[in-house]
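Colleague: Could you put the whole structure together from the sequences, leaning on the hints where they help?
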Amino acid sequence: MSLLIRGGRILDANGERALDVEIGDDGRIAAVGTGLNGDLDLDASDCVISPGFVDLHTHLREPGQEEAETIETGARSGSLGGYTALVAMPNTEPTTDCVAVVEQVRALGRRSTCEIVPSAALTVGRSGTKMAPLGELVDVGVGIFTDDGTGLQDPRLMRRVMEYSTGLTRRLGRPVVLAQHCEVSALSAGGYMHEGEWSSRLGIPGQPAEAEELMVMRDIALVRLTGAHVHFQHLSTASSVAMVRRAKAAGLPVTAEATTHHFTLTDAACATYDPVFKVHPPLRTGSDVDAVRAGLADGTIDAVATDHAPHAAHVKERPFDEAPPGMLGLETAFALTLGESGLDLPEVLAVLSWRPAAIAGIEGRHGASVVPGAPANLCVVDPDLTWTVSGAAMASRSSNTPYEGRTLRGRVRHTISAGEPVVIDGEARR
Amino acid sequence: MATNASAGHFLGIDGMARADLEEILELTTTFAEIGRRPIPKVPALRGRTVATVFFENSTRTRMSFETAARRLSADTIALSAGGSSLSKGESLRDTIEVVTSYGADALVVRHPMAGTAHRVAAWTDAAVINAGDGCHEHPTQALLDCYTLRERRGALDGMRIAIVGDIRHSRVARSDVLAFTALGAEVVLVAPATLLPPAVVGWPVTVAHELDLVLSDLDAVYLLRIQHERITEGLIPSIREYANDFSLTPERANRLPTDALILHPGPTNLGVEISAAAAADSRSVILDQVVNGVSVRMAILFLLLGSNRNLTGGAVEGDR
Chain P
88 MSLLIRGGRI LDANGERALD VEIGDDGRIA AVGTGLNGDL DLDASDCVIS PGFVDLHTHL
148 REPGQEEAET IETGARSGSL GGYTALVAMP NTEPTTDCVA VVEQVRALGR RSTCEIVPSA
208 ALTVGRSGTK MAPLGELVDV GVGIFTDDGT GLQDPRLMRR VMEYSTGLTR RLGRPVVLAQ
268 HCEVSALSAG GYMHEGEWSS RLGIPGQPAE AEELMVMRDI ALVRLTGAHV HFQHLSTASS
328 VAMVRRAKAA GLPVTAEATT HHFTLTDAAC ATYDPVFKVH PPLRTGSDVD AVRAGLADGT
388 IDAVATDHAP HAAHVKERPF DEAPPGMLGL ETAFALTLGE SGLDLPEVLA VLSWRPAAIA
448 GIEGRHGASV VPGAPANLCV VDPDLTWTVS GAAMASRSSN TPYEGRTLRG RVRHTISAGE
508 PVVIDGEARR
Chain A
2 MATNASAGHF LGIDGMARAD LEEILELTTT FAEIGRRPIP KVPALRGRTV ATVFFENSTR
62 TRMSFETAAR RLSADTIALS AGGSSLSKGE SLRDTIEVVT SYGADALVVR HPMAGTAHRV
122 AAWTDAAVIN AGDGCHEHPT QALLDCYTLR ERRGALDGMR IAIVGDIRHS RVARSDVLAF
182 TALGAEVVLV APATLLPPAV VGWPVTVAHE LDLVLSDLDA VYLLRIQHER ITEGLIPSIR
242 EYANDFSLTP ERANRLPTDA LILHPGPTNL GVEISAAAAA DSRSVILDQV VNGVSVRMAI
302 LFLLLGSNRN LTGGAVEGDR
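For the protein sequence lines, the chains are P and A, in the order given. The numbering of the first sequence is this note's numbering, which starts it at 88 and goes up by one. The numbering of the second sequence is this note's numbering, which starts it at 2 and goes up by one.
The set of hints was computed from the structure by calculation and includes no laboratory data. Bear in mind the structure is a predicted one, so any value in this text is a computation, not a measurement. For every residue, glycine included, the Cβ atom is placed at its ideal position computed from N, Cα and C. Among the hints, erroneous ones may be present.
Stretch-level coverage of chain P by chain A, calculated; a stretch enters the list once three of its residues show a Cβ under 8 Å from a Cβ in chain A [to be verified]: (1) 273-284; (2) 287-298; (3) 394-408.
Modeller: Next up, the structure:
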């Protein structure tokens, strides 16, 4: 069955043009132009046709915490958010630190509505003490490694992992990406929100911005030493952004992401004591939010990621200190980036699609320009449609969105994953 | 029995106006009078049930609330649990729903983590009273402290009060700062830099690191408990050094103005934050605080259950 996306404007890395897109039954773009035909018409009037979005940071919870999310439900949530590829975080149970779990995640992913790109842990069991079998994992195509949830604390081991990774470039076909959750746990331990005026007033123990910044500083120094590619996850403080900006100016191989919540929410939200606002790194101050937006504007921050972190309702029904950190992100990312990042639409699509695709090393399949022969991983977005966020209405198995009840502008209308229309008119097809 | 579907809560001093505080303190006078009767009991809350729900040990606060409830003829039930509901795999909400289903009209909640009473209030139709939430607030303690100061001085206006010790971890200090300043007092926080909150910017207080520099100019000094864990956490070098600099020794007590009052929330670590002699000094009102605690808690229970009033306090709303 062929598809025709009719009446929209294409916007990709090549710019903007008003053309229809025909997708063949081989899952590739058959033609781009006018006067095309397809078995199924998808209306795109007043909409923008973009390469599908790529999330560098998704917690799909499977295997191990299927009560909160499965690969199937997480992918469906991603499809509704315009994503065609999700980089799955390795803090599963068991940890994704070996070929067997990678293959399990991939097998489950193949039945889902997104391409699931497994990342693997830097260290065995994310314990921070013993290097994971990076070579074996590279040989099955894993290109991103992270102990996300914690940073790799031991500077000596981090240095060794970085050095070792530089010897795997030929086997992977590109440099290995080491993605770091920057947090010096000795400084952050026992803190549950950003340390500052709000934590002082609310009596919630805080963690200082410096817990993140010290590890950003250390890893930049180690990149200079080793030449490894480090990707900084969820940058949240003004000084972190400034250090990455300087590292890039010095020509170091570093990249960075910011989450939607770190440029839309501040630590003041914790005043409700509702753990839906508890997240790691924590929500910061208004000036940190401004710095993250500035980092996106000048390209210091390459990509917007979600850190989509589903949690079952009952585990959030605890005191703030005790509840697990994390919030949903996949279904709200486009509208929030469009409405609150300060970026214009072409840049919004760049930070959601082709820039993260390049970091993930999947730019041949995702984020690619909309031209004949390219794999049909696309989304059609309506930048003007307003809608109201409802956790219960989301496809995620959990509903812990911090934006409940908010009215947002900009919504994903259709998503095409490998040629299959998995979302049509805002409804998941499977 | 009324279902209390419209019950108000008493969660914190934050957000309370001077007039609200004064109204409670005036009412407390009435209940203090009841406490002095040969049979200190009235039928105001007969048939109502007050549940003390304590996730942290506190013999004194629990006894004070239970005494207050019984003097008003309410029935009391008690739940004592460890600090963490996680250990049993039960969510806090489950626990609260179980307690509410025993027919409690009011839940008196003590928890080692900030904001817990606020969370509980969202899950129950019963009136929720915050009996201490982590390092956040202990609003009935602040009321009894204000009542005790007013009993001796008539009003707090213009008083200069030092709060000394582990302000960082003290819910008493947070509630007292709000209540004392709302009633017109000036507050100076006295502590080693590590025992102050990370950011007191915007608090209506001044800060000092040396008790000796402020002693002679005080109308009241409020000593806080110091916990031994603060040493293992690296916040202070030793109890000895802390006591050298911050303990209310007999010598320091002598340098206080002759009419200055000495307060402590109890239980005291004699010889640490306060000497035995200073605690027994004629200016010490530490036992008055205990007595007044019952009267204040009677007033709060009566206002919430006997008059269905919403005391509104503690309604901190963040900018989302």
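Colleague: Between the stretch 287-298 of chain P and chain A, are there enough contacts, at least three residues with CB-CB distance under 8 Å, for the coverage claim to hold?
Modeller: Result for this restraint: holds, n = 8.
Colleague: Test coverage of the stretch 273-284 of chain P by chain A using CB-CB distances below 8 Å; three residues minimum.
Modeller: Holds, because 3 residues of the stretch 273-284 of chain P bring their Cβ atoms closer than 8 Å to Cβ atoms of chain A.
Colleague: Under 8 Å between beta-carbons, do enough residues of the stretch 394-408 of chain P, three at least, approach chain A for the coverage claim to hold?
Modeller: Satisfied; 7 residues make the cut.
The structure shown violates none of the earlier numbered hints.
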